[in-house]
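J.: This is what each chain is made of:
There are 2 protein chains.
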Amino acid sequence: MRPYNTEIISVGTELLLGHITNTDARDISEMLSKIGINVKYHTVVGDNPERLKACVQTAKERADIIITTGGLGPTCDDLTKVILADAFGIRLVENEDEVKGLYDYISNSRNVTQNNFSQAMLPEGCTVFHNLWGTAPGCAFEREGKIVIMMPGPPVECVPMFRTYGIPYLQALSDEQIVSHSVRIFGIGESAVDDMFADEMNAMTNPTMAPYAKECDCLLQVTAKAHSEQEAEQMMEPVIAHVRERLGDFVYGMDVECIEEAVLPMLKERGLRFATAESCTGGEIAKRFTDLPGASSVFLGGAVVYTNEAKAKLLGLDPAMIEEKGAVSAEVARALAENVRQLTGADIGIGVTGVAGPDTDGVHEVGTVFVSMAVEGKTYLRSLQMGSLRTRSYVRRMSGNHAYDMIRRWLTGLEVEQIYKEKDTPYYVLK
Amino acid sequence: MRPYNTEIISVGTELLLGHITNTDARDISEMLSKIGINVKYHTVVGDNPERLKACVQTAKERADIIITTGGLGPTCDDLTKVILADAFGIRLVENEDEVKGLYDYISNSRNVTQNNFSQAMLPEGCTVFHNLWGTAPGCAFEREGKIVIMMPGPPVECVPMFRTYGIPYLQALSDEQIVSHSVRIFGIGESAVDDMFADEMNAMTNPTMAPYAKECDCLLQVTAKAHSEQEAEQMMEPVIAHVRERLGDFVYGMDVECIEEAVLPMLKERGLRFATAESCTGGEIAKRFTDLPGASSVFLGGAVVYTNEAKAKLLGLDPAMIEEKGAVSAEVARALAENVRQLTGADIGIGVTGVAGPDTDGVHEVGTVFVSMAVEGKTYLRSLQMGSLRTRSYVRRMSGNHAYDMIRRWLTGLEVEQIYKEKDTPYYVLK
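Order-wise, the sequence lines are chains A and B. Read in order, the letters of the first sequence are residues 23 to 453 in the working numbering. Read in order, the letters of the second sequence are residues 23 to 453 in the working numbering.
Chain A on its own, in the form it takes in the complex:
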């Protein structure tokens, strides 16, 4: 019987003070779930020896694999290695390679201070994970039937290190394959999806199926366990086909993180390019797309026209028209989409204007947004009311999702504007 249950202990008072978010636990969990290792607990504890010691004891009782993040760095409150080594009766010894590595780092003219050298003290006999992304090494050891892996805290170090060293170290442990696919959905909420499949889900054991809400969309996760990946895939095939059939064109993609990730290859395949003209979203739609490597093949660029002046100067909108119709209007959204398309020579122009809040524009309530898409010979429009209690961040993100959804639906020949008809959602209402 190989170990399966994993606990991730993240060490850092800054996490408990809310200064930073525990993205390490999320990213490690995601990587582990893909190789069939179950994470049962995340624990966050401060830079306090007694409490960390107690958490490690609890983890030893309930988990087979203990992964720590944080507390390996040079600052004076870092103590993870000391506590973990002690909990398993191992002493810390200076690692020569790591000491040498620190000297190399110094000679690269970076700023290494005396306290950096405590980082080179590691549990005796451990497997050392040299840190290519920072200075604090990680490590792993097996003792008392448990596997312990320690990773540095900063996400820019922890994530590539766990991918490079942690996953291969653990991969040999899993004697069954767990494979998972996510069916990504935009246009109906998690609650409606749950309602649609509740009876089926309750009756399923392997594969299983579960809906999850994301900030502005949702997904249905289908998971199968089998002796081989291929067998797991075969088990899921009819389930996924059935789910896609029932959800129809609300499904925007499989195993993608966001709608723009689904749109990128669709545009690429057709050799089409788009450009954006953003008012209330202030660059977020462009930013999201350019988060994706390879964006430049289909995204030309765009304008952030936060003020009326900028709408006129950068995109040539008629100031009199803006004055007459209002900056937040269907007409301005259309003009933004059309003008940015024309100006850049893009195939598709996106225009967005609205009230992201927290203040209103004196005319519309917060969450009023017009999203327009101009293509050869036609300009489409969605008028959205997301509800006045929505946060600025929600309104902006949802506006972007609608823009990308319009592109997606147009590319696949679906109805672009009135997608909800009688199926409105708990999240927003189309007027």
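It should be emphasised that the hints constitute simulated quantities derived from the structure, not laboratory data. Small disclaimer: the values here were computed from a predicted structure and weren't measured. If a hint is listed, it holds; no wrong ones were tucked in.
Treat identical chains as interchangeable: a pair holds within one or across any two.
With a cut-off of at most 27 angstroms between alpha-carbon atoms, the simulated BS3-like pairs for lysine-lysine come out as follows:
(1) 290 x 335
(2) 400 x 335
(3) 75 x 168
(4) 347 x 400
(5) 247 x 168
(6) 400 x 290
(7) 82 x 56
(8) 56 x 247
(9) 236 x 247
Starting from the structure of chain A, add chain B where the hints point.
T.: For chain B alone, coordinates are given in the frame of chain A:
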């Protein structure tokens, strides 16, 4: 003796699968730290009755206040209320107001399904927190010397609910005031800051001081406990003055979340406006600024010029110059800054071009970025090498920090271009 130690239990298999990040625990922790309530643990557990029950038992042993997030919603695996009520021997009863609220929600033509009604079952005698941001109510009760607060999981509901109901409910409990200030620093790393103040920090008990790394900058947190807020402030005053003196112009602000938040009021005060021309950052600099309410008073807008075509068409850069110097060059950065300034009539123009990765442009290594700032009569430039192992997200964020740092330093009459001299940092090197 009033209760102080708090544990936040977040319930949801999606957290353990890494589908979502536990931002609720961070946001609640941040709110609690400001009213002097110490969070000692965050725990994440799946939608599993046995494991949740065990976690609640552990929390009863080590915490005075137990706050749960998640597991109050309508999907079939939601069970937080059942387990918590059971752990304290309380039964669940239907809450009439909440049932009525759900009917009102339906009549607002949103999509409420049958399973939404389980949400109206609440622990007998609890204080009900009506959810204005969604459908699942929160609640609180006191039993066995413990305080239990339950909040829904989606951050857009959890955060405003905890602010509206949770904080006032707990505020009466704290018999001492904890006040905290963060000194925000850009230009030297956490490790160097720690080294600078290590002896002093070790000798301090109240106030205390601790450095924390953020993704692309760092902070020094100064905290004092006292019987009144005023007393705590007085205790911190000389400490903060001393720290600011030693850190000098690396300090960009106090109690702000990011450098752009410090820059906004500085621009506003002087009545100056800026515009952006972004290549490799793809709209992120504009997006970050427009995340701030009130951005429109000082941010005109800008252009996202991801391709050479867009650089020419949207901002009038000379294609021959781009060809000769290369899209990633000091000259293009300068032209972007100057042209967007001129085109929009802004006081300050920002231009950014570089290689965000993961692929190189065939000429420069990943992390090469040119950031330029054009003002009346002068154009400034920083040439950055962040190191080729940096992530795309890091390179883009750091580029934005440099842009805002240039604005800040220019506004306050400091050296804009060569800020590091001999003080380079572990994070990046200025050529």
